[in-house]
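A.B. asks: In order, the protein sequence lines correspond to chains A, B, C, D and E.
So the first sequence is numbered by this note's numbering: it starts at 1 and just counts up by one.
So the second sequence is numbered by this note's numbering: it starts at 1001 and just counts up by one.
So the third sequence is numbered by this note's numbering: it starts at 2001 and just counts up by one.
So the fourth sequence is numbered by this note's numbering: it starts at 3001 and just counts up by one.
So the fifth sequence is numbered by this note's numbering: it starts at 4001 and just counts up by one.
Hints listed in this document are in silico derivations from the structure and should not be mistaken for laboratory results.
For every residue, glycine included, the Cβ atom is placed at its ideal position computed from N, Cα and C.
There may be inaccurate statements among the hints.
Unchecked claim - Partial selection, computed: residues in chain C whose CB lies under 8 Å from chain A:
#, residue
1, Leu2116
2, Thr2118
3, Phe2129
4, Cys2140
5, Tyr2155
6, Thr2157
7, Val2158
8, Thr2290
9, Leu2291
10, Leu2295
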Amino acid sequence: MITKAAGTPAICSSGNRNRSIKSDMDIVIIGLLLGGTYALMAMGLQLQYGVARIMNLANGEVLIAGAFGAFWFFLGTKASPLWSLLFVVPCAFGLNWAIYRVLIVPLVRRSKSQGKLEVDSILATFGLSFFFIGIMVAAFGAQYTDYSYLSEPVFIFGQRYGLNRVVSFGASVILCAALYLWLHKTRAGLALRAVSVNPSAAGLVSINVINASALAFALGGAVTAAGGVLLSMYLTFDASYGVVFTLKALIIVILGGVGDIRGTIVAAFVLGLAETAVATLIDPGLTLAAAYVLFMLVLLVRPQGLFGRRVA
Amino acid sequence: MLESRNVSVFYGRHRALENVSASISKGEIVVMLGANGAGKSTFLRAIAGQTQKADGGTVLMDGNDITRRPPHEIVETGVALVPEDRGIFADLTVQENLFLGAHPARARALEAQNMQRVLELFPRLKERPKQLVRTMSGGERQMVAIGRAMMSAPSILLLDEPSLGLAPVLCTELFRTLRRIKESGVGIFLVEQNAKQSLAIADRGYLLDNGHIVGADSAAALAKDEKVKAAYLGE
Amino acid sequence: MSIAEAAPVVRGGPAISAREWRMLLVSVLILLAAACVPLVVGGYALQVSISIVMYAAFATSWLLFSGPTNYIALCTAAFFGIGMYVTAAGVDLVPYPVLILASGVAGAILAAIVGLATLRVSGIYFVIFSLGLAELVRQCMTWGQHVFGTMSGLYVTVDRSEPMYYWQLLALTAVIFLVGWWIGRSRLGFALRIIGNDEVVAVHCGINTARAKVVLFIISSTFASIIGALVAPRWGYVEPVVAFNPFLSFQVVIMALLGGTHRLWGPLLGVIPFTLLWELISIEFPDQTTLLLGLCFLLIVYAIPNGFTGLIEDVWQRRKGGVAPGARNA
Amino acid sequence: MPELVASEALSAAGLTKRFGGLAAVENMSFGLAEKEVLGLIGPNGSGKTTVMNLISGALKPSSGEIKLYGDNITGIGPSQVATKGVARTFQLVRMLPAMTVLENVAAGGVFGHARRWGKELEDYAQGLLARVGLANAGGAVVSALTYIDQKRVELARALASDPKVLLLDEWLAGLNPTELNVGIALIEQLRSEGCTIIIVEHVMHAIRSLCDRCIVMSSGVKIAEGTPAEVLADHGVIRAYLGDENA
Amino acid sequence: MKRREFLKYTAATAIAAPFVRAAQADTGVYKVGVVGAKTGPLAPGAAITHFPPYQLWAHEVNARGGLKLKDGQRKVQIIEYDDHTAPPEAIKAVERAATVDKCDWIGGVYATGFNLATAPTFAKHGYPQLTQACVTDQGPSIVKRYPGFFMFQSSTTAYAKGAIDVLKKLKDSGQIGNKVAAVNVGDDFGIELANAGRPLFKKAGFEIVYDKSYPLGTQDYTPVIKAASAANPDAFVAWSYPPDTFGLQAAAKVEALKVKAYYCAVGCGFQAFGGVPGSENILGAGGVVDTPEIRDFYKRHKEVTKVDADYWGSPFYYSMLQVLAQSIEAVGTTDRQAIAAYFRNRKFKTLVGEVEMPGQILDKVYTVGQWQGGFFNAVNGEGFAGSNYTQVKLKTSWS
């Protein structure tokens, strides 16, 4: 059993020899589609961590909750799970608003430094994530859920791709663009960015920092849950699977740089492309390891992330 | 008119301010002098509702009690603070900083008008609206900070050591600008180390020592006062 | 370890004061009392006791690094898993005691590499990286198992009685305490207190802060790996999913924080009540453990922000008629 | 590049530091003789503090080199520089808040140029405290100290490593006139004891009374050098520093 | 109550509570401890395969009045413990079941590693360890080490061999070619199956044209499927786990992977998998022979536990409990050693037919099943002499 199957390496390399422009294009498209998925996972956390400055470890559970919402809607109505966005998003917004007001504000008030707040919020939201898992296990059971909606091929450059992934990529692009425009072109968005950049000065220009942070946190939660709805169309999930998403989102947010939504988008796509390239060109077994190595390299070369601000 | 009556602030058991009463009206410059750690910054922060709330006394703006209001509400009453660290948004552009200044509801209607006024005061800001404030020099940042405060259409401007870290040549320019702002009808409450130049443009002044007001008089009289000369003018 | 005591001496130095001798004596007595536990209890109570000493060792070794540096390390599971794997891989080849050492060495090497690479980055980045470390090691491990065609799970067959596990872990805990005490008295400890106060001042005082942190990280991680080696035979079978379980990392942190990170013995105060509480929940509400555990986490964060040691010190201060609450942190 | 003189304690040659495209310090060269007190003056943003940070190792120069008694210390990092014998104070006083006054001072004497430990360290730190006028404050908590006393502690901490060169970065800033006199007297005392010091200051009369020699910087370059009296009389200096109306 | 007193009281209760419970011994019931993951990575599998059979069994035994012992009937009481997918917790849970709750029986825990980790604890307290959720090639040596260990399961190799035999038959009859693409999840059972499979593929005359692993928790299987597809295999074999079993199927469906045989391992037997469009004619680990009794079992399972039983573990789990019940009633007491001695060498009639455990390892399992018309039919097995397996169909369509 210890002996290695002879001939395996040679066979594998033959696949690589046949690489062509077409298959390189393939990597790019698969990578982009995956990047769209990652952007959906990470965008909400960016708002919560970048603006509201709360490292929310229960973020993945909110995503799973959104996915369950879509699943149950689909099961009950047989209509497109995308319609469930209409109630999942407002619910998630309200829930996260409440979490911020009830659980986070006391931490913000009592902590004397950003570092202490970070530690407190990591632990509190970790506890919260357990709480959510407990509730979801009780409500939905612990089994795997998978309903493969729109699991049919679409053709791009003659290659087949999952329609659900393409749809969610489209939604992700729209969401990213909308968030970017909102943050950069509206007064409310500017106010959120101001809080992100310098919360203590935001009060000086009549921004209610607590409210603005609550808004960002709630918005982040809503975006995350929306991501959950979209991802549920093609990912298998269960009540305690959220931590996988949280970890991925954390890596993307930090890779891109805290407080800059462009960074998150770029990092999501870089990661998607890198993972796909590694999976296709080197070995699928190393995809997740590659993600961490990439993360480590960026930290070494540019600790503040691709788009991040240098901390003084 | 902005008025503090018997304002006290404690840090734990340490008394930073005790029974400080001071006032300022529109169109005048009032300077508060005091050594390091006398409590000058604490006083401004207490008035503006920043972190340290007043533990005793009242703060009135045009007769309304604003003592325990949060900072974002105090701005709406027409009191704008430029703290010692400037309170600007270093990672946003000049233009965005100024727009943010006009975030208070009271200032939104006047945004265009105020913008014009600020750019007239600081022509240098007009040249580079898209520059990130982080990349600017100390003097330019101070302009952004004061400009940002002016955008909120304040009646009273609170400035915490605006000359700190500025070279003498920039200091002179700054005080000239402050005089012009005053002439436009805004009251300026100035906390300063630079006694000589601030007394030169001020109408009145207070002396703060160890959390207490130990003197109050017209600027001209203070400038001649022997005690002031010894303690703050180094003569 | 970082609360000021207004004594006009530089803490540390070669001479051991009378107070320290007394502390040492008390510690030895407590240790001896703890060593008698397996002679008195057995079965389930012994299992709980083993849990307590294991987590005491984990939390105290975690504190060695995270206490003075304020870096929240979430990589206990990574080093623990390494220790287990080294033991499992070599159990049929070399004597078990050698493996315990080898586990420590393997952990130290990994810690050195990781530490040199990441301890330059600050706070939150380190937290996330450390959290990802267990995952990274696990991925590399499983991929290696595929490539080299070995089995995924490894059997560890060393005969040890339950009391033996207890004594081994207790002895290790004692060693960790000794090391912690020694660090506190050494130049390294003094350097760490300075770093904890102000890192900029520290470098300009000539302290190689990166090296100090790496050394500490290595010491702390080595112990976590050794715990892995000590516990591996008890599990009997080692596989990646359970050896690198990230929950362990969080559990250790929450226990240490519950106890308080200002004192070397702080984690002990957290480990004992938390383990008992955990058992209570598991027994009374086996179906809702996750939910209730989440609530306990929240409760600890909100109700006991400075841990039990913080609570005790506040009470102590108040009794001494001193400082108003909260002023301590000002 | 100027030749190094044997007695030179510190020398900088062609020192340049760029942040992005902006040159904060450009091609600075200067020497510092043993037991000399050198003043570094100039308007804000002229690069004085950058020079201090380059010497103390807090910043790495883009080019140029710094030597300490002929030993190249360019870019070796702040802790190494401290070990080689350069000690500094900070523009805004930095205390170790959770440590006693004595420990604050001792912190400077364990890891730097001179390394002491145990009883020897304690005695030495106590001696330094006495030297800066805080003989009885050793057990106090630093937060209880006044501003000037905190400055004294910081000075004692810098001295604890027996530095070959002492860097004082606006050490007098923020003191009121009475305190200022105390501060100047303290540095005067160090000078008479034969310390080698570089001072960055805005307080002109301190510069006049303390410095053997002055370097004036403006926009990152050296614009004048000489005795305080000479440079302060220089027209160019006055224009750059005090503004046209004073010229 | 003053705060300090309150704290004292709380602390005392917390410390004493575990031991207080021990004192309350119930005599009228037969307590069965069931330890498994309710949270963590293994929870989804346990929620389908591990806990429900016990619930169904207890429900049915109690419906007929309980277990018939010499001193009267005893109702079965199930006590479930969550091990959080962590071995130390599993060890403690078993210990708790044995010493605190004083269970009359403790079921084998969930997953191979956990059974091994808890084996010494079972042995120490004299509890036989009858387990279904333990698949390994090390069975004989484990049994030798722990005489109370009974595997109601077969070896890893049996499953790999079963799958490869099915493919070999297809190849030998000329229905498919000899090229096979094999992927596996980089974890535990997946790696073991892959390692067991490689030499077997060679022996069966297959050429492995693609052989890679992918990590647990991969989010996109498109690259894996596309790369496998590029190697033009005739058959695709995934030694997979539930989340990736689903993910690979979805990716294969989109890619319309052109293989005539598609196999995936764990999770293929979940009812949920059969419900996914495109699962028709997919091969997987497990399967059962379609009988009215089995159909009735699935119906009862759903009614009682609200969970769909799977087509691999569930029927065997239930059969294992039938064996247990028959043994207990035959012995007539709660003497665990006697019960174990009883089922050690006897044949039992169960849901899956007549079974026994020679060498303490089950003599028969269904190794390969295929989804056909909403039922996961057994197409291969081991030890079922003369069983009429369903004919294997080729995978012709993904819709």
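A.B. asks: For the hint on cysteine 2140 of chain C, does the least C-beta distance to chain A fall short of 8 Å?
C.D. replies: 5 Å, holds
A.B. asks: Hint check: is the beta carbon of threonine 2290 of chain C less than 8 Å from a beta carbon of chain A?
C.D. replies: The hint holds - threonine 2290 of chain C has a Cβ within 8 Å of chain A, the shortest such distance being about 4 Å.
A.B. asks: Would the hint on valine 2158 of chain C stand, with a C-beta cut-off of 8 Å toward chain A?
C.D. replies: Constraint on valine 2158 of chain C not satisfied, violated at 21 Å.
A.B. asks: Would the stated hint for tyrosine 2155 of chain C survive a check requiring a Cβ distance to chain A of less than 8 Å?
C.D. replies: Since the shortest Cβ distance to chain A is 13 Å, the answer is violated.
A.B. asks: At a threshold of 8 Å, is the proposed contact between leucine 2291 of chain C and chain A supported by beta-carbon distances?
C.D. replies: 2 Å, holds
A.B. asks: Hint threonine 2157 of chain C vs chain A: min CB-CB distance below 8 Å?
C.D. replies: 18 Å, violated
A.B. asks: If you take the shortest Cβ to Cβ gap from phenylalanine 2129 of chain C to chain A, is it below 8 Å?
C.D. replies: Given a least distance of 6 Å, the restraint on phenylalanine 2129 of chain C holds.
A.B. asks: Min Cβ distance, threonine 2118 of chain C to chain A: is it shorter than 8 Å?
C.D. replies: Status holds, d = 7 Å.
A.B. asks: Restraint: leucine 2116 of chain C near chain A, CB-CB cut 8 Å. Satisfied or not?
C.D. replies: Where the cut-off is 8 Å and the nearest Cβ of chain A is about 10 Å from leucine 2116 of chain C, the hint is violated.
A.B. asks: Does the nearest C-beta of chain A fall within a distance shorter than 8 Å of the C-beta of leucine 2295 of chain C?
C.D. replies: At 6 Å from the nearest chain A Cβ, leucine 2295 of chain C passes the 8 Å test, so the hint holds.
When each numbered hint is compared with the structure, violations occur for hints 1, 5, 6, 7.
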